[in-house]
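Undergrad: Chain U with the ligands: place on chain Y using the hints.
2 protein chains.
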Amino acid sequence: MTYGSARMKEPNVPNRKTLLTLPTPCLVLDRAKLRRNIARMKAACARTGVKLRPHLKTAKSIEVARLFDGPDSPGIAVSTLLEAEYFASNGIRDIQYAVGITPDKLDRVAAIQREGARVTLITDDLGTAQAICRHATEANAVFHVQIEIDCGERRSGVEPDSPLVLEIARTLAGDENVVFDGVMTHAGHSYGCRSLKEIEAVAEAERLAVVTAAERIRATGIPCPTVSVGSSPTALHARHLEGVTETRAGVFMFGDVFQAQILTCDLEDLAVSVLTEVTGHRADLRHMTVDAGALAMSKDRSTENVSNDVGFGLAADIDGSVYSPQLTIARVYQEHGLIPVALPHALDDFTIGSRLRIYPNHVCMTASMYPRYFVVDSEESDGIEVVEEWKRISGW
Amino acid sequence: MTYGSARMKEPNVPNRKTLLTLPTPCLVLDRAKLRRNIARMKAACARTGVKLRPHLKTAKSIEVARLFDGPDSPGIAVSTLLEAEYFASNGIRDIQYAVGITPDKLDRVAAIQREGARVTLITDDLGTAQAICRHATEANAVFHVQIEIDCGERRSGVEPDSPLVLEIARTLAGDENVVFDGVMTHAGHSYGCRSLKEIEAVAEAERLAVVTAAERIRATGIPCPTVSVGSSPTALHARHLEGVTETRAGVFMFGDVFQAQILTCDLEDLAVSVLTEVTGHRADLRHMTVDAGALAMSKDRSTENVSNDVGFGLAADIDGSVYSPQLTIARVYQEHGLIPVALPHALDDFTIGSRLRIYPNHVCMTASMYPRYFVVDSEESDGIEVVEEWKRISGW
Ligand SMILES: Cc1ncc(COP(=O)(O)O)c(C=O)c1O
Ligand SMILES: Cc1ncc(COP(=O)(O)O)c(C=O)c1O
Numbered sequence: 001m002t003y004g005s006a007r008m009k010e011p012n013v014p015n016r017k018t019l020l021t022l023p024t025p026c027l028v029l030d031r032a033k034l035r036r037n038i039a040r041m042k043a044a045c046a047r048t049g050v051k052l053r054p055h056l057k058t059a060k061s062i063e064v065a066r067l068f069d070g071p072d073s074p075g076i077a078v079s080t081l082l083e084a085e086y087f088a089s090n091g092i093r094d095i096q097y098a099v100g101i102t103p104d105k106l107d108r109v110a111a112i113q114r115e116g117a118r119v120t121l122i123t124d125d126l127g128t129a130q131a132i133c134r135h136a137t138e139a140n141a142v143f144h145v146q147i148e149i150d151c152g153e154r155r156s157g158v159e160p161d162s163p164l165v166l167e168i169a170r171t172l173a174g175d176e177n178v179v180f181d182g183v184m185t186h187a188g189h190s191y192g193c194r195s196l197k198e199i200e201a202v203a204e205a206e207r208l209a210v211v212t213a214a215e216r217i218r219a220t221g222i223p224c225p226t227v228s229v230g231s232s233p234t235a236l237h238a239r240h241l242e243g244v245t246e247t248r249a250g251v252f253m254f255g256d257v258f259q260a261q262i263l264t265c266d267l268e269d270l271a272v273s274v275l276t277e278v279t280g281h282r283a284d285l286r287h288m289t290v291d292a293g294a295l296a297m298s299k300d301r302s303t304e305n306v307s308n309d310v311g312f313g314l315a316a317d318i319d320g321s322v323y324s325p326q327l328t329i330a331r332v333y334q335e336h337g338l339i340p341v342a343l344p345h346a347l348d349d350f351t352i353g354s355r356l357r358i359y360p361n362h363v364c365m366t367a368s369m370y371p372r373y374f375v376v377d378s379e380e381s382d383g384i385e386v387v388e389e390w391k392r393i394s395g396w
Numbered sequence: 001m002t003y004g005s006a007r008m009k010e011p012n013v014p015n016r017k018t019l020l021t022l023p024t025p026c027l028v029l030d031r032a033k034l035r036r037n038i039a040r041m042k043a044a045c046a047r048t049g050v051k052l053r054p055h056l057k058t059a060k061s062i063e064v065a066r067l068f069d070g071p072d073s074p075g076i077a078v079s080t081l082l083e084a085e086y087f088a089s090n091g092i093r094d095i096q097y098a099v100g101i102t103p104d105k106l107d108r109v110a111a112i113q114r115e116g117a118r119v120t121l122i123t124d125d126l127g128t129a130q131a132i133c134r135h136a137t138e139a140n141a142v143f144h145v146q147i148e149i150d151c152g153e154r155r156s157g158v159e160p161d162s163p164l165v166l167e168i169a170r171t172l173a174g175d176e177n178v179v180f181d182g183v184m185t186h187a188g189h190s191y192g193c194r195s196l197k198e199i200e201a202v203a204e205a206e207r208l209a210v211v212t213a214a215e216r217i218r219a220t221g222i223p224c225p226t227v228s229v230g231s232s233p234t235a236l237h238a239r240h241l242e243g244v245t246e247t248r249a250g251v252f253m254f255g256d257v258f259q260a261q262i263l264t265c266d267l268e269d270l271a272v273s274v275l276t277e278v279t280g281h282r283a284d285l286r287h288m289t290v291d292a293g294a295l296a297m298s299k300d301r302s303t304e305n306v307s308n309d310v311g312f313g314l315a316a317d318i319d320g321s322v323y324s325p326q327l328t329i330a331r332v333y334q335e336h337g338l339i340p341v342a343l344p345h346a347l348d349d350f351t352i353g354s355r356l357r358i359y360p361n362h363v364c365m366t367a368s369m370y371p372r373y374f375v376v377d378s379e380e381s382d383g384i385e386v387v388e389e390w391k392r393i394s395g396w
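Same order as they appear, the protein sequences are chains Y and U. So in UniProt numbering, spot 156 of the first sequence is number 156, and the numbers just go up one at a time. So in UniProt numbering, spot 263 of the second sequence is number 263, and the numbers just go up one at a time.
Just chain Y, with the same shape it has in the complex:
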């Protein structure tokens, strides 16, 4: 049994930056895989006949957002006001802030809108809807608002058949400074599915929840233009999305080991990995250490609950090919990751300083620690040359 010698750092060559010269740990993004993942989601949306509103909470990068440009993607979704500010200042004009708004945050929203972008808000609360109306008048602003519906995730939102749906709709639609824009929901519980059949069922529940709410609102004479759904599994695998106007999906563009196990993608599609180097050997304990620890990978343990638990990440060689037998980061400390090997002599293939790429459990968590993507391209280039560097943001 041998893994083949892992490759070492190479001396710097002017004008050539590669995964063999970068300082570790750092974040690697394969543009070819990213583009394929986007094409696949666009094809799914074309099939279901809905517009795609990519959720940029995972990527947090304007360069990634621009890959969605086109008539089928009218705008984006974000999860923080910092993302809204960042994307607005980079020219994106249609932004849905897909986390329940609070009255506190309306000043920041109004400020973004004064620079020219529209930030569509969501709420599931009548008091908040009233506060939005008051604030719109006081601040001389116009707010576009959707009602958040719970389709079974049991996190936030209003039940689709609750009287509250109509009360909030009436409050919003009745105010001249507020535009009632429609309804939205997120089938986050699709992450609990383990088969296509289950995903299809959750996708149908997701669709039905917002379509029901929209129909009830329309029956009172209030227009309900937007009917928005979305999670990566349901967006890809919904049988049909009749009555839905757009779908938000985020993690699909990068993929991660957990998503591969819940059928959003294959391991070969994972676009983001952490570049790390071997920092030590403990042949007596049958493990090596790498410089990708808890901060580099995050403490996310999503794969604990799926078929193949990969600990804190799944190791691959510098070209991104997963090892066989599989190698995983089984234990993490703040800056140490620990990769067990079955037999001590396997360590001979991983000299100290040799480089690995680690696919994360949950890429939204892992990416959050890094200020940039080192972009490689496994189609247009050799897959280890850094062809671009894209900044990403973090924080609130």
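Read the hints as simulated data drawn from the structure, not as lab findings. Do not take every clue at face value.
Each pair may be met inside one copy or between any two copies, as identical chains are not told apart.
[Stated by the list, open to error] Result set (SDA-like, lysine to any residue): computed pairs, CA atoms no more than 25 Å apart in a straight line:
| id | residue 1 | residue 2 |
| --- | --- | --- |
| 1 | Lys-197 | Pro-340 |
| 2 | Lys-391 | Ala-131 |
| 3 | Lys-9 | Asp-349 |
| 4 | Lys-17 | Leu-81 |
| 5 | Lys-51 | Gly-174 |
| 6 | Lys-9 | Thr-137 |
| 7 | Lys-391 | Glu-85 |
From a predicted model like this one, the values you see are computed outputs, not experimental measurements.
TA: Showing chain U with the ligands alone in chain Y's frame:
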């Protein structure tokens, strides 16, 4: 049963910034508690007669580092080269990089040293020791190096009685561009202790491991000036540290819920919390949502394995007082935290927009997502006014 109404955002008042005006989520540091935690550790070190080398991997802030200034704290420890660069550029001259060095990283170390700081390295590998010697000659640099000893953590390091200890010592001591500085170990397995007695035993094993290694090296005629140990539990609770010259400890300065449960501190000592606001109510599901989710708290679940599992964080009021009955963040999504309540009417005390402080499980993980500390002082001020803002760094 009532919690008392949680306080809401207040309008901005010129020249007064408080926890009731800051955008959420953000990181709060109570300077009074920080100072007390430092004083307690200094007293423990005075008792055991060792110097304190604070590990800045948790705080990553020069303002925090400066609180240790004085003859009893000769320098600091760090966990990344970015920390070393940052602290060196802020005037700290004696820095121990307390993670195994690789040959790759020596250029960066040499660059820091050219600006005037000394970066002491650690290794547990003979090949690396030889590479350090080669690199010192080639780069015309001087490297100070310690041997990392394993005292039972089983992560990295050489067993204290291994022949390798002497081989590495001879290699380092025999090179004219390398200063062999001594031995170090870290009793990370003290985090597994659940009683003072157990901690004392691990502290003694930690001490014995390095003292044994140091004595063996000295017996061959090689001087071994530094004998370094440290983790927060062992640094505080060691019965004696005979033969040890300095101790590194990090997390004690802030404390967290896990450390409180393993006896490093009390809940009243926790200096760092996340300021969050209530973003939604689901009375039907008996929970509220807050804007401190997985990114704001981290996915660390350390308290899963101790007496009182607090989920992803323990809630307190704006003054930092923990609620009774206890409130915790039981579930997290990227930007949502979910706090269950026993009875729906408890939500009446937590209007949407009201503010809480959440004590983290593991502060090293939580703090890593924030670019700054909003500093309050529960002794010199009212405890909610922001008296200072301290920058912190992240990344590698
Ligand atoms: C409201 C909302 N919409 C859409 C998404 C995107 O889901 P996914 O990352 O599965 O594509 C999320 C993810 O958390 C979300 O919270
Ligand atoms: C080598 C080393 N020394 C010291 C420490 C500090 O330990 P603590 O944070 O428990 O004080 C750590 C923590 O990880 C460490 O890895």
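Undergrad: Let me make sure I understand: some of the numbered hints might not hold for this structure. Which ones are they, in numerical order?
TA: Hint check: 1, 2, 5 fail, others pass.
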